[in-house]
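Asks: Given chain A's structure and the hints, the job is docking chain B onto it.
Top to bottom, those sequences are chains A and B.
Our numbering puts the first residue of the first sequence at 1, with every later residue one more than the last.
Our numbering puts the first residue of the second sequence at 1, with every later residue one more than the last.
Think of the hints as simulated: they come from the structure by calculation, not from any bench.
Among the hints, a few may not be true.
Below, in silico cross-link-like pairs of lysine to aspartate or glutamate (EDC-like), each with a Cα-Cα straight-line distance of 16 angstroms or less [unchecked claim]:
no., chain 1, residue 1, chain 2, residue 2
1, B, 272, A, 39
2, B, 55, A, 138
3, B, 55, A, 67
4, B, 55, A, 64
5, B, 75, A, 138
6, B, 272, A, 41
7, B, 272, A, 53
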Amino acid sequence: MARRVTARRMVVSTVAAWFFGGLIFFPILWMVLTSFKTELEAFTVPPSFLFFDWTTENYATVQERSDYFLHALNSIVIAGGSTLIAALIAVPAAWSMAFAPTKRTKDILLWMLSTKMMPAVGVLVPIYLLFKNLGLLDTRSGLIAILCLGNLPIVVWMLFTYFKEIPRDILEAARMDGATIRRELTYVLLPMAIPGIASTLLLNLILAWNEAFWTLNLSTSKAAPLTVFIASYSSPEGLFWAKLSAASTMAIAPILVLGWFCQRQLVRGLTFGAVK
Amino acid sequence: MKPSFGALVGAAILSISAPAIAETLTIATVNNSDMIRMQGLTSDFTAKNPDITVKWVTLEENVLRQRVTTDIATKGGQFDVLTIGTYEVPIWAKKGWLVPLDNLGADYDVADLLPKIRDAVSVDGKLYGAPFYGESSMIMYRTDLFKKAGLTMPEKPTWDFVIDAAKKLTDKSAGVYGICLRGKAGWGENMAFLTAMANSYGARWFDEKWQPQFDKPEWKKTLTTYVDLMKAAGPPGASSNGFNENLALFNAGKCAMWIDATVAASFVTNPKDSTVADRVGFALAPNAGLGKNANWLWAWNLAIPAGSKKVPAAEKFIGWATNKDYAKLVAAKEGWASAPPGTRTSLYQNPEYQKVAPFAKPTLDSIDAADPNKPTVQPVPYVGVQYAAIPEFQGIGTAVGQQFSAALSGASTVDAALAAAQSSTEREMKRAGYIK
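Just chain A, with the same shape it has in the complex:
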């Protein structure tokens, strides 16, 4: 029997949810507010919250100094491309592990995950040399490849746990009816798994969008995504908070909008399997 929800409990939990939501969102809000201040106001102690002279000059300066659209386009191509390729590799891989496991499947899954345990900086020099010799430095294709490889373990794992939840019997029934593997994948498995795949890919897209180690180190100017754009506005000597905030706001805006529209899938994907 479901627990009875009293009005009081409802109010308390709503208030708590809004409070914690606000707490988590506050840094982003603060960044957006700072982006509309002058540099001097951004530095004022104690800081002013809403009552200051709102200005858009930071956005104008940022726009004038760097090519936002080139960086944004690079981010879209790199994050989108790496997600797409990861999906093409991970869906069949997760399918075979979920529905045709061998005794080594567990080991393979763990081995894949173990590649994420090494700090990226540990392989920076070898990867840099490889990229240099292959002519991939400062190219979008190089960044797509490295981000795709970096995120594959997570994508495979998420899809694997998702596919595990799908009853084998349905797939077997399809097979009994004479479906080939390709048909079984495209007509039976995929339609049932769409929400899981969507949320996995969305998460991968966000991870790739925010990735700031490889994108900073392997790109120079042509392929530089928004992470490089942000990094050019921080400085140890000088007033830069307002401009940095404006650049960061511009950088997260596209992914924030995407995340807002897809939040249902995101939450579903992240909590999947928590409740059986």
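Replies: Leaving out everything else, chain B in the frame of chain A:
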């Protein structure tokens, strides 16, 4: 023999692109106002050199350092001109990573470069980095608060005077603190200040045999003085304050004194940025009567990596950006106060510059008072005032900085911090093979 299709296509592409070949220089730089200004003036260079185009990669200092180091160590060839500090120049030049700059144009007056700065970027008498702007550190203080308290800042103050004044000027109820100093951990953050301060107290990082010296009384005196002073007269939470945080405090009128980079002078006297712009005085960094002031020496320099295939074009650019004429160009567009400071004698002899920059003389005096080749009272095996120019210094400097920051915040004691600094530095120096 018939030419192959591929060769034809190749020839066609070549014939289309050949006349349009303009060399593109990729220049890596930091996000400091003088560099951003240079970026804005690029069109002057490209107008004079129509066969060269310029692409800028501007990054935050630490990101840039990592990015550029990786590229130069692997000979990646991604950059044609690098912006590097006085710390990197001697290390990289000795490794053969940099091209010597002996071809910067006939009108490039090397003798006009400030001698201390030129020393810092030369190895065996050869210039490996062309200084773009230079800085030292000095005391910036509030003339109104000093007057009110009946104090007069000497031109060359001692630590005793500074400590005494800081305590007198502190009014915690009014939110005014006697002195603001760096506390944030990092080899370029608190350790830049503390190493310079230690030099003035007769301490040194290493003895002639590379043995770390944190167990010596000079370091104890330095750190005890620093921690006690900040407890008595420093702002709350000082262990997380770096240059920018202190700048904010000073500009908001919360610090009576601030010892930091000379470039800050133009920020604190600019009425657009500062609420105390018309009430700031300058003095040399303090000394303890041992012949060394607590001031550092730094310059951002333009250099050419050994892997670049566009050395002549890169030389042209560096010749343009660090020449005397560049200061005139900046002056014509934005006024003399914006000219990049700390690199050329001629700038400090220019009466127009002296008129608009009240900080010109103290800046020059501070730079002259620093000696990267003889930074300490006792002899040392390294060059560099607020750092030791060895590749390991970034790592050990930051580790020691964390210990000292903890001593300031109260998470550790002065003795414990010094002991930890000594053992971590000893371990690293052993590992790197300097000592057995």
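Asks: Quick check: which numbered hints come out false for this structure?
Replies: none
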